[in-house]
Amino acid sequence: MADAVEPSEVLVGTAAQVAVEADVPVAAPDAGERIIGRVLRFGALVSGGMFLLSVVLEAAAPAWATAEVLNVLRGAAASILVVAPVARLMVSGVWLGLNREWRYATAAAAVLVLLALGMGLGWSH
Amino acid sequence: MTSLLLMLTGSLAGALGALVGVGGGIVVVPALVLGFGIPMVEAVPVSLLCVVASSCGAAAAYVEQGLSDVRLATVLEVATVTGALAGGAMAGVAPAWLLALAFGIFALYVAVQLLRRSGVVEAEPDGPITGTYQNLSWGLGGSFVAGGLSALLGVGGGPVKVPLMRYVMNVPFRRASATSNLMIGVTGAASVVTYALAGHLRLELAAPLVVGVLVGAVAGAKLMVRAPIPVLKRVLAVVLLAVAGQMLWKGGESLWPMQ
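Protein chains in written order, with the numbering used here: chain A, 572 to 696; chain B, 26 to 284.
These aren't lab readings, by the way, just hints derived from the structure by calculation. There could be a bad hint or two in this list.
Claimed, not checked - Take a look, some chain B residues computed to stay more than 12 Å from chain A by CB distance: (1) 59; (2) 123; (3) 140; (4) 142; (5) 270; (6) 273; (7) 274.
Claimed, not checked - Cβ-Cβ distance ranges computed for the label pairs, FRET-style: (8) 248(B) to 602(A): 25 to 31 Å; (9) 638(A) to 142(B): 51 to 57 Å; (10) 620(A) to 30(B): 18 to 24 Å; (11) 58(B) to 691(A): 28 to 34 Å; (12) 119(B) to 691(A): 19 to 25 Å; (13) 66(B) to 639(A): 21 to 27 Å; (14) 637(A) to 111(B): 41 to 47 Å; (15) 280(B) to 601(A): 50 to 56 Å; (16) 30(B) to 646(A): 21 to 27 Å; (17) 631(A) to 111(B): 47 to 53 Å.
The C-beta atom is built at its ideal place from N, Cα and C for all residues, glycine as well.
Modelling step: build the complete structure from the supplied sequences, incorporating the hints.
Here it is as structure tokens:
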């Protein structure tokens with residue numbers, strides 16, 4: 572936990588609560604959060620665009636768009652999509668480490684190790 | 026025509042996932058199995074890829090708006106992933122029907138409570154975006170259980186984590202939903218890879234669904250920050266009722282097998 576922040580209280584009817592209710596962002600995102608957002612958006616946009624292209628090509632059926640070509644396109648799209656959250660976790664770990672928030676950086680590293688372990692063991696869900 | 030229907034299904038799942046942080050599997054799996062006649066073993070990995078897409082599409086906006094709590098997500102992910110590993114190890118040992126019944130009753134209880142409270146104006150606490158979290162040990166324990174249930178019963182963690190963060194850790198509803206959205210992508214991605222390596226991921230089925238999910242998630246993320254919290258709670262309650270129904274059916278089926 573960040574040392575500088577005091578434990579919060581349950582606030583009832585405070586300005587902060589009003590801000591939340593009024594859809595005001597709770598905290599302005601810093602550089603790390605902006606990068607995390609971009610990583611996720613990049614994954615979503617690029618993979619979504621590739622999946623959409625595969626759907627269009629399948630419907631239009633030009634001669635060169637063979638099943639093999641479409642499979643490669645979809646495979647690449649799925650790979651980008653699946654890598655995005657893991658890349659987000661890596662960026663989070665680096666960002667938190669650079670902020671010297673070691674507890675969170677360690678947690679991010681631990682999640683990556685556990686994910687690798689889980690995949691090695693044959694994760695089922 | 027089928028692609029269009031799959032895109033519409035994906036849009037609904039993506040919007041629902043973005044609104045209440047549940048991923049959208051609750052829509053995709055029944056739609057594929059009952060509506061398109063896809064076997065469960067092929068529907069689940071496609072649904073998981075949709076969860077990843079929903080997470081990426083919605084969480085990108087939430088993180089940039091300062092709604093998702095990256096630190097809380099990271100901490101709870103440790104417990105969730107550990108729970109999922111423990112659940113995976115217990116898969117052949119634990120009585121899944123009993124867990125399904127217990128979780129079904131729990132989901133029903135939470136849904137009823139949400140519906141009863143949805144009309145009541147509740148104070149949305151100003152939980153910390155960085156710093157000390159209330160009842161963190163309970164949050165970690167609950168996330169561990171959510172991960173375990175995910176592995177044992179195939180339910181996503183969102184329906185457990187959003188109420189857990191809101192009512193146990195006192196995280197504001199929108200932030201709980203946005204943080205859950207951020208978290209579900211990581212575990213979903215790991216699961217998808219495993220299914221893909223086993224050859225169960227049908228990409229031609231996933232393609233139109235993912236396109237729809239991404240569109241729905243972006244729309245849902247815009248809607249979530251504007252929708253009144255009582256409405257969001259009612260949506261989550263309906264999702265929990267559907268989860269409860271599925272779990273009670275699953276548990277009951279083991280007790281009284283169909284002929």
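Each hint, compared with the structure:
Non-interface call for residue 59(B) relative to chain A: holds, since the shortest CB-CB distance, roughly 20 Å, exceeds 12 Å. Against chain A, the non-interface label of residue 123(B) holds: every CB pair exceeds 12 Å, the least being about 18 Å. Remark: the non-interface label on residue 140(B) is consistent with the geometry, its nearest Cβ contact in chain A lying 20 Å away (cut-off 12 Å). The beta carbon of residue 142(B) sits about 15 Å from the closest Cβ of chain A, which is more than 12 Å, so the claim that it is off the interface holds.
Distance to chain A confirms residue 270(B) as a non-interface residue, since its nearest Cβ pair spans about 19 Å, more than 12 Å. Every CB of chain A lies more than 12 Å from the CB of residue 273(B), the least distance being 19 Å, so the non-interface label holds. Interface exclusion of residue 274(B) from chain A stands, the closest Cβ pair being 18 Å apart, more than 12 Å. At roughly 28 Å, the beta carbons of residue 248(B) and residue 602(A) sit within the given window of 25 to 31 Å.
The given range of 51 to 57 Å is respected by residue 638(A) and residue 142(B), whose C-beta atoms sit roughly 52 Å from each other. For the pair residue 620(A) and residue 30(B), the supplied restraint of 18 to 24 Å holds, since their beta-carbon distance comes to about 21 Å. Checked against the hint of 28 to 34 Å, the pair residue 58(B) and residue 691(A) passes, with Cβ atoms roughly 30 Å apart. As the Cβ distance of residue 119(B) to residue 691(A) is approximately 22 Å, the hint placing it in 19 to 25 Å holds.
A C-beta distance of roughly 24 Å is found between residue 66(B) and residue 639(A), which places it inside the suggested range of 21 to 27 Å. Here the CB-CB span from residue 637(A) to residue 111(B) is close to 45 Å, well matched to the stated 41 to 47 Å. A hinted range of 50 to 56 Å for the beta carbons of residue 280(B) and residue 601(A) is consistent with their spacing of about 52 Å. At roughly 24 Å, the beta-carbon separation of residue 30(B) and residue 646(A) lies within the given 21 to 27 Å, and the hint holds.
Between residue 631(A) and residue 111(B) the beta carbon distance is about 48 Å. The supplied range of 47 to 53 Å therefore holds.
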